[in-house]
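Visitor: Here the protein sequences line up with chains A and B, keeping their order.
Residue numbers for the first sequence follow the numbering used here, beginning at 1 and rising by one.
Residue numbers for the second sequence follow the numbering used here, beginning at 1 and rising by one.
Hints listed in this document are in silico derivations from the structure and should not be mistaken for laboratory results.
Treat the hints loosely; a few may be bogus.
Estimated spans, in silico, between C-beta atoms of each pair [unchecked claim]: (1) A:P46 to B:P56: 19 to 29 Å; (2) B:D116 to A:L37: 23 to 33 Å; (3) B:R131 to A:L37: 15 to 25 Å; (4) A:E70 to B:E6: 51 to 61 Å.
Chain A residues, not near chain B, derived (Cβ > 12 Å throughout) [stated by the list, open to error]: (5) Q5; (6) Q6; (7) T20; (8) S47; (9) F55; (10) R71.
Even glycine gets a Cβ: it sits at the ideal position worked out from N, Cα and C.
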Amino acid sequence: METPQQGSTLFSAVLVLIATLVVIQLWLVATAVDAMLSRQIEVLLPSAIASGVLFVLAAGLLGYVVSFDERLRHWGPRGR
Amino acid sequence: MSDRTEPRWRQDFPVRWDEDHYMTRRELAKFLTLGSGLLAGVNVLIALIGLSNRPPDVPARRIAGVGDVAPGTSLLFRYPTLEDPCILVRDASGRFDAFSQVCTHLSCAIVHVPEDESLACPCHKGSFSARDGVPTAGPPTRRLPRIVIERRGEDLVATGIEV
């Protein structure tokens with residue numbers, strides 16, 4: 001069952017999640033810069049991998065919610 | 001619509017709500033995801049730069065004689081190049097420590113404060129321990145790079161840098 005109300009709530013929730021992921025990525029970039037300047041190179045690779053994973057998560061969330069929205073627009077509310 | 005019917009405040013605030021551009025949640029989500037991709041790219045770039053910048057091999061070089069620095073005083077020198085100011089500190093017990101003289105906050109030159117065995121940055125009131133270079137007060141968060149020194153007879157020789 002997919003309704004416009006569900007879509008709206010889902011979009012808001014995903015937006016908050018993506019924003020949270022971006023904030024974490026900002027923190028990771030700041031940490032990576034600090035580690036690079038202090039030559040703590042063991043931090044750099046995990047930081048880059050974590051940032052990439054967060055991006056994949058954000059892109060996945062965006063793809064999911066956009067496809068949900070398009071399904072809703074194409075088929076209309078179901079289960080009514 | 002003529003100016004006569006427009007209230008005066010409309011001239012100061014000419015933007016109409018219904019004509020204003022609103023960013024939808026979908027657009028905002030796309031922009032945030034784009035920003036997420038950019039941040040991931042920046043992080044990878046930082047990792048590549050950091051991993052490719054290996055510390056250079058630095059030559060061993062005599063920096064001073066043991067008798068040149070009295071206990072409780074310090075001596076300035078340059079190592080490994082003439083562009084790298086450093087400070088050699090001898091505490092009251094006779095122990096030698098050497099650090100980069102460049103503050104890790106905003107690169108001001110630090111000075112030795114023998115009274116409390118610290119290295120102070122006069123620019124922003126930063127302070128480092130003169131024993132291990134760890135920041136103890138003020139804005140610096142990273143410790144000072146340590147210059148590895150060896151005592152060879154009556155000479156003090158710098159042999160490397162620990163960042």
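Visitor: Between the beta carbons of E70 of chain A and E6 of chain B, is the distance compatible with 51 to 61 Å?
Guide: violated (43 Å)
Visitor: In terms of Cβ atoms, is chain B entirely out of 12 Å range of F55 of chain A?
Guide: Since the minimum Cβ distance to chain B is about 4 Å, F55 of chain A lies within 12 Å and the statement is violated.
Visitor: Is Q6 of chain A truly not at the interface, in the sense that its beta carbon sits beyond 12 Å from all beta carbons of chain B?
Guide: holds (14 Å)
Visitor: Verify the CB-CB distance for D116 of chain B and L37 of chain A against the hinted window 23 to 33 Å.
Guide: Since the Cβ atoms of D116 of chain B and L37 of chain A sit about 27 Å apart, the hinted range of 23 to 33 Å holds.
Visitor: So is R71 of chain A really clear of chain B, every C-beta pair being over 12 Å apart?
Guide: Non-interface label on R71 of chain A holds, nearest chain B Cβ at 14 Å vs cutoff 12 Å.
Visitor: Could you tell me whether the CB distance from P46 of chain A to P56 of chain B stays inside 19 to 29 Å?
Guide: holds (25 Å)
Visitor: Does S47 of chain A clear chain B by more than 12 Å, comparing its Cβ with all Cβ atoms of that chain?
Guide: Label violated. Min Cβ-Cβ 6 Å, cutoff 12 Å.
Visitor: Non-interface claim for Q5 of chain A: all C-beta distances to chain B beyond 12 Å?
Guide: For Q5 of chain A, whose nearest Cβ neighbour in chain B is about 14 Å away, the distance exceeds 12 Å, so it holds.
Visitor: Using the beta carbons of R131 of chain B and L37 of chain A, state whether their distance is inside 15 to 25 Å or not.
Guide: Holds - the Cβ-Cβ distance for R131 of chain B and L37 of chain A, about 23 Å, lies within 15 to 25 Å.
Visitor: Run the C-beta distances from T20 of chain A to all of chain B and say if the shortest one exceeds 12 Å.
Guide: violated (10 Å)
Checked against the numbered hints above, the structure breaks hints 4, 7, 8 and 9 and satisfies the rest.
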